[in-house]
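Colleague: Numbers 70 to 709, taken from this note's numbering, label the letters of the sequence shown in order.
Hints in this document: simulated from the structure, not taken from any laboratory. A hint or two may mislead.
Pairs of lysine-lysine residues, derived as BS3-like cross-links and limited to a Cα-Cα distance of at most 25 Å, are as follows [as the list claims (entries may be wrong)]:
#, residue 1, residue 2
1, K76, K88
2, K113, K76
3, K354, K324
4, K84, K113
5, K113, K88
Pairwise CB distance ranges, derived in the manner of DEER restraints [claimed, not checked]:
#, residue 1, residue 2, range
6, E229, N605, 50 to 58 Å
7, G268, Q512, 19 to 27 Å
8, N605, L193, 35 to 43 Å
9, G387, N628, 46 to 54 Å
10, E133, A685, 51 to 59 Å
Just so it is clear, CB atoms sit at the ideal spot from N, CA and C, and this is done for glycine as well.
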Amino acid sequence: MAQALQKAVREYEAKNLPKALTMATQSLGRNRAEDPGLQALIGKIQFQLGRHREAADAFVQVAEYGTNAPHMLKLAVSLYRTAGADIELMRIGHAAVDLNPADADLAFSVAQVFFARGLLDDMLPLIPRLDRRKPQHMALIVNHHRFSGRDQALSGLLREALAEDPGNGFLQATAHMIARESCDFATMEQHAALMANPGQPLVAAMREHEAVLSRLTWSDDEAINALPSPESAAAEATRPAPGTPRRAIGPADRKLRIGYLSNDFFQHATMTLLRDALECHDRDKYDVTLFCHTPANSLHFQASWPQVLRDSIVRVDGLSDAEAAARIDEAGIDILVDLKGHTMGARLGIVNLCRAPIKATYIGFPGSVTGVDLDYAITDRIVTPDTSKPFYAEKLCRLPDSYQANSHRSRPLPAPASRADHGLPEDALVIASFNATHKINPQTLDVWVRVLKAVPQAIFWCMCPKAHAAENLLAELERRGITRDRVVIAGMCLYPEHISRVALADLALDTWPYNGHTTTSDMLWAGLPVAAVTGNSFASRVSASLLHAAGLSDLVVANHDAYVDLVAALATDRDRRESIRRRIEAARFTAPLFDAERFARHLETAYEMMAERARAGLAPDHIDVPALPPRQGGFQSGQT
Numbered sequence: 070m071a072q073a074l075q076k077a078v079r080e081y082e083a084k085n086l087p088k089a090l091t092m093a094t095q096s097l098g099r100n101r102a103e104d105p106g107l108q109a110l111i112g113k114i115q116f117q118l119g120r121h122r123e124a125a126d127a128f129v130q131v132a133e134y135g136t137n138a139p140h141m142l143k144l145a146v147s148l149y150r151t152a153g154a155d156i157e158l159m160r161i162g163h164a165a166v167d168l169n170p171a172d173a174d175l176a177f178s179v180a181q182v183f184f185a186r187g188l189l190d191d192m193l194p195l196i197p198r199l200d201r202r203k204p205q206h207m208a209l210i211v212n213h214h215r216f217s218g219r220d221q222a223l224s225g226l227l228r229e230a231l232a233e234d235p236g237n238g239f240l241q242a243t244a245h246m247i248a249r250e251s252c253d254f255a256t257m258e259q260h261a262a263l264m265a266n267p268g269q270p271l272v273a274a275m276r277e278h279e280a281v282l283s284r285l286t287w288s289d290d291e292a293i294n295a296l297p298s299p300e301s302a303a304a305e306a307t308r309p310a311p312g313t314p315r316r317a318i319g320p321a322d323r324k325l326r327i328g329y330l331s332n333d334f335f336q337h338a339t340m341t342l343l344r345d346a347l348e349c350h351d352r353d354k355y356d357v358t359l360f361c362h363t364p365a366n367s368l369h370f371q372a373s374w375p376q377v378l379r380d381s382i383v384r385v386d387g388l389s390d391a392e393a394a395a396r397i398d399e400a401g402i403d404i405l406v407d408l409k410g411h412t413m414g415a416r417l418g419i420v421n422l423c424r425a426p427i428k429a430t431y432i433g434f435p436g437s438v439t440g441v442d443l444d445y446a447i448t449d450r451i452v453t454p455d456t457s458k459p460f461y462a463e464k465l466c467r468l469p470d471s472y473q474a475n476s477h478r479s480r481p482l483p484a485p486a487s488r489a490d491h492g493l494p495e496d497a498l499v500i501a502s503f504n505a506t507h508k509i510n511p512q513t514l515d516v517w518v519r520v521l522k523a524v525p526q527a528i529f530w531c532m533c534p535k536a537h538a539a540e541n542l543l544a545e546l547e548r549r550g551i552t553r554d555r556v557v558i559a560g561m562c563l564y565p566e567h568i569s570r571v572a573l574a575d576l577a578l579d580t581w582p583y584n585g586h587t588t589t590s591d592m593l594w595a596g597l598p599v600a601a602v603t604g605n606s607f608a609s610r611v612s613a614s615l616l617h618a619a620g621l622s623d624l625v626v627a628n629h630d631a632y633v634d635l636v637a638a639l640a641t642d643r644d645r646r647e648s649i650r651r652r653i654e655a656a657r658f659t660a661p662l663f664d665a666e667r668f669a670r671h672l673e674t675a676y677e678m679m680a681e682r683a684r685a686g687l688a689p690d691h692i693d694v695p696a697l698p699p700r701q702g703g704f705q706s707g708q709t
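Working from the sequences, and respecting the hints, build out all of it.
Modeller: Structure representation (structure tokens):
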């Protein structure tokens, strides 16, 4: 062993770690033959000092010298993972896996990080390295297939796996989730029959592994929706112990500091709704920060935002959860508002680790965000009536009008469009649905078919962008007596074209128990009448909330029989439809639903009410925000 390395090792063995680190660091470069050993020693010392990221950096340097590279990179991956240093881990991940081709657990660790960041293409080469016999590995493979659009390959994979292990709750839950995304109604009906017998062991196993967002597509029972889920279990891992102190809230004579946390700060449905309200915040009274972990490949959309929003962005995508939480704390944020909840791309570890005085969840997930250290869920009185309170881990902060923000300045208005360009007959009565495919379940289809049979002259225009799902939907409608010549399938398109094509329809149908949320808002913005049934959960009451706030409560009914009657009556009464359309078009710039400035004032009042309780030393409690007086006259028009 060379002299400098020997001296540093002696100090290390004597537990003089800072001195050993200084000696090793200062000796680097003096004798290149010693450098690999010095870097390895630096890595060991940094690890002993609890500096996992720095230790990993040193081991990467050792690997670059070609010294025991497989082991060094594997060790670095583990340490970067512990430190939450995802960017550094992704930089070496593929090389580490290539040098350790038989280590499936290493491939899993690297793949997890790429998946959490939404980097599905980068994750693809790692999939063959995973071990399908391990439940966590199989879950990651399934999710990669699902979110990268490889539905048919996934269906085959699930069939093979279920043939070997039919009692596997995760595989069964996933198969039924994929069935909903594929319009596989036979499998959905099997799922409904299973769930009707909750005492079966398989049902319990499925619930344990079922994604909570998937649960909302078949159940509007708030007790079921609030049950533990894989998402809540994962969140619990970083949740602070009860009684962990938070920072004190800022004084009343200082601007209240509001932080929003999301990876949807781009051309996403959340920002279609929320952008104008964020812009309308009163910067004389509130400091507003957008803590952004949006993927780098989507950040270019922010270039078109107004300067006030661009100036509000603080990027945390390159930080670990602990580092991002520390950044939020350093900014002195009084109220942290997570905009994701239990949806893909959420970083709820940041919420748990942050010591903000008040933490709230808003708009991303229509229900209680269980397992997370949250104080409030921002809702309204329709989506969460008093009967909902027992099923929420958070206290409800209920806004007037509607919980849903809506943009009227930045949102494009429908432009003239041609039915012929969309395969629609010019003179036909067109009944449409533009809801996501996974919301179309047998219960919903039952009602739709009743409507279409009651209005035999109607054409049904349905968005179903995946070819195999569209074929399944057409076949099921045909089986139920709705011939293919009455159905036009729509695909995906850019938002301005979408909002313009929507206006070509005469009526829109909703879905249950997961209503249209942004979709219902889009229908109304386009001037299209949409009817709704008030359900029993947040997700199944959203359309009712929006219609009430738009001044269209006459389009909300209590049950499906009344729904069929209402839609059939509207379908056969052109004058009534046109009258409703005129009311909707007027509502764009008069109704509370689309008044972003009014919404921002209500949201600010909510924050003040939360802050007042905190300053008084009171625990969070349910809050009902009072409504401002009705606006006199209209408000600013949208884009053309």
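Colleague: Hints first: check each against the structure and report whether it holds.
Modeller: Structure-based check of all given hints:
no. : hint                    : result
1   : K76 x K88               : 10 Å, holds
2   : K113 x K76              : 15 Å, holds
3   : K354 x K324             : 5 Å, holds
4   : K84 x K113              : 12 Å, holds
5   : K113 x K88              : 14 Å, holds
6   : E229 x N605: 50 to 58 Å : 38 Å, violated
7   : G268 x Q512: 19 to 27 Å : 22 Å, holds
8   : N605 x L193: 35 to 43 Å : 41 Å, holds
9   : G387 x N628: 46 to 54 Å : 51 Å, holds
10  : E133 x A685: 51 to 59 Å : 57 Å, holds
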